[in-house]
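There are 2 protein chains.
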Amino acid sequence: MAIIHPCSKIQLPEMKSLFGSPGKVSGLVLRMGQCLFAAASLAVMASASGFSTATSFCFLIAAMGVQVLWSFGLACLDIHALRLNKDLHNHIVLSLLVIGDWVTAILSLAAACSSAGVMVVFMKDTGICRLETTLSCKTFQISVALAFVAWFLLAVSSYVMFWLLASI
Amino acid sequence: MAIIHPCSKIQLPEMKSLFGSPGKVSGLVLRMGQCLFAAASLAVMASASGFSTATSFCFLIAAMGVQVLWSFGLACLDIHALRLNKDLHNHIVLSLLVIGDWVTAILSLAAACSSAGVMVVFMKDTGICRLETTLSCKTFQISVALAFVAWFLLAVSSYVMFWLLASI
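So the sequences go chain by chain: A and B.
The numbering used here puts the first residue of the first sequence at 1, with every later residue one more than the last.
The numbering used here puts the first residue of the second sequence at 1, with every later residue one more than the last.
Please keep in mind that the hints were generated in silico from the structure rather than gathered at the bench.
Hints are supplied without guarantee of correctness; some may be wrong.
Just so you know, same-sequence chains aren't split out, so a pair can sit in one copy or run between any two.
[As the list claims (entries may be wrong)] Simulated crosslink set (SDA-like; lysine to any residue; CA at most 20 Å straight-line):
{"no.": "1", "residue 1": "LYS124", "residue 2": "ILE61"}
{"no.": "2", "residue 1": "LYS138", "residue 2": "VAL66"}
{"no.": "3", "residue 1": "LYS124", "residue 2": "ALA62"}
{"no.": "4", "residue 1": "LYS86", "residue 2": "ALA43"}
{"no.": "5", "residue 1": "LYS86", "residue 2": "ILE106"}
{"no.": "6", "residue 1": "LYS138", "residue 2": "HIS89"}
{"no.": "7", "residue 1": "LYS86", "residue 2": "LYS124"}
From a predicted model like this one, the values you see are computed outputs, not experimental measurements.
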């Protein structure tokens, strides 16, 4: 007869298979998505003429640079954990990942929102985009949209990490 | 002899006394702080001349309005729970609070950051503040600073709620 443990409510094995957990294929896909979208946003913004006219666009490039480095590093960690079948679910690793994820996510959202605010000023409030043809406003918009996608993917990872940390 | 329960690791009573929990005095203080700072930010921005020149400033007013309503509602809920000594730590209440808190927090951060981005454009990138004296740029700055404080207090509540939801 199978003995049911009285503490079976803790359900650690179920928690570990959460979508996007570190050291899982879904986690790796999420990290690679973050890295790709952030890199695309950075490249598009850096290639746009006149991006240095607004400080927010320079901030977006810096924030996306930080996100590329962070997500690429964690994608490498996931690959390492998958290859060696390592378990990354310990308190110290998860705490570091939660802090890093949240700082990067807030930075990315702040950069994307401030750039979006500047875009609205340029396109609607002052109409600089129509007057100055040297500014590639369409390119700025694409970059900001990519930054929002990159932030969204990072936010998913951040919530999963925080949930895992709170439930171990 | 005291019997130690094998599942004592769950520590529910400790979790409930977390700083800023719903139905606690610390939670009520946090909600009142959020409500006050958001209302102050809204009032300062609405009293500034020329705030309607930038869409982001109107968005800030809307977002702070939402935060005032949300935080005021939850402050009332906390007072109700404190007076009747009710327990708000159940899954449905916490899930609703987590969703509401996170939506409001992201909205507030987006509004504060986009307004800050526009402020930088007005003060540094284009120098509109120096040219157009009808814009009360100092007042805009105070409002954006208050919005960041209101967002920070809401972010603390959001993390506490999410932590509680993950650990019950």
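Verification of the supplied hints:
| no. | hint | result |
| --- | --- | --- |
| 1 | LYS124 x ILE61 | between (23 Å within a copy, 18 Å between copies) |
| 2 | LYS138 x VAL66 | neither (24 Å within a copy, 31 Å between copies) |
| 3 | LYS124 x ALA62 | between (26 Å within a copy, 18 Å between copies) |
| 4 | LYS86 x ALA43 | neither (34 Å within a copy, 54 Å between copies) |
| 5 | LYS86 x ILE106 | neither (29 Å within a copy, 34 Å between copies) |
| 6 | LYS138 x HIS89 | neither (43 Å within a copy, 48 Å between copies) |
| 7 | LYS86 x LYS124 | neither (52 Å within a copy, 50 Å between copies) |
Checked against the numbered hints listed earlier, the structure breaks hints 2, 4, 5, 6 and 7; every other hint is satisfied.
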